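J.: What follows is the residue order along each chain.
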Amino acid sequence: GQNIDQPTEMTATEGAIVQINCTYQTSGFNGLFWYQQHAGEAPTFLSYNVLDGLEEKGRFSSFLSRSKGYSYLLLKELQMKDSASYLCAVRADTGGFKTIFGAGTRLFVKA
Amino acid sequence: NAGVMQNPRHLVRRRGQEARLRCSPMKGHSHVYWYRQLPEEGLKFMVYLQKENIIDESGMPKERFSAEFPKEGPSILRIQQVVRGDSAAYFCASSPYSLAGLAKNIQYFGAGTRLSVL
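Chains as they are written, first to last, in the working numbering: chain H, 16 to 126; chain L, 17 to 134.
Some hints here could point you the wrong way.
Stated by the list, open to error - Taking lysine to aspartate or glutamate pairs in the DMTMM-like style, the calculated list, with each CA pair at most 25 Å apart, reads: (1) H:Lys125 <-> H:Glu29; (2) H:Lys96 <-> L:Glu57; (3) L:Lys43 <-> H:Glu29; (4) L:Lys67 <-> H:Asp108; (5) H:Lys91 <-> H:Glu70; (6) H:Lys125 <-> L:Glu56; (7) H:Lys96 <-> H:Glu70; (8) L:Lys60 <-> H:Asp20.
These are computed hints drawn from the structure, not numbers from a lab. Keep in mind it's a predicted model, so treat the numbers as computed, not measured.
Make a model of the complete structure from these sequences and hints.
T.: Structure, rendered in structure tokens:
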């Protein structure tokens, strides 16, 4: 079956660093995505990993280990506006575009 | 360049009525995906379409649900004889077609339609 696990909620302090973990078990693997979703809004693309290692983009970084079925999203210098849900998603079908989403991690940033 | 447009943003239907949800992809995008999101849950894949073709509908319920993406006009997700369990947020996403970036193909999401069935 297809399964993506991530913590339900996390709380962190403004200015700090937070790491959101994601583990996956899928029938295939053709890339892992992270999206940010504010309440009542559309998910917006943050990062994409298909090879092992770290991808850095400003305050956000994403890491992938395919052998462990593991990824994390690292957010640095947290700001209040970073309070949102973070969705881990795996493209599991090498022949198509089917993407499996995790339930999301709600991040609360406090002052 | 306008993003993915969904309408209506909110839709209220009584049990047994039909719901029609519309999605206009980003300009130049030929792939459309529909997802359903229940409160506190992740996005559940429903269907993937290209112009005039359904490519993958493995996430669609077998009855009452249908989707189309005609040559002209928006993609439509149609729910017939709605029931209370259909109440959810329905998101549409689009992506371009690019052989070079086939695997990466990023999906851009609309703001969603929130369906409430009374």
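J.: Now tell me, hint by hint, if it's right for this structure.
T.: Verification of the hints:
no.: 1; hint: H:Lys125 <-> H:Glu29; result: holds, 6 Å
no.: 2; hint: H:Lys96 <-> L:Glu57; result: holds, 22 Å
no.: 3; hint: L:Lys43 <-> H:Glu29; result: violated, 38 Å
no.: 4; hint: L:Lys67 <-> H:Asp108; result: holds, 21 Å
no.: 5; hint: H:Lys91 <-> H:Glu70; result: holds, 14 Å
no.: 6; hint: H:Lys125 <-> L:Glu56; result: holds, 21 Å
no.: 7; hint: H:Lys96 <-> H:Glu70; result: holds, 22 Å
no.: 8; hint: L:Lys60 <-> H:Asp20; result: holds, 14 Å
Checked against the numbered hints above, the structure violates only hint 3.
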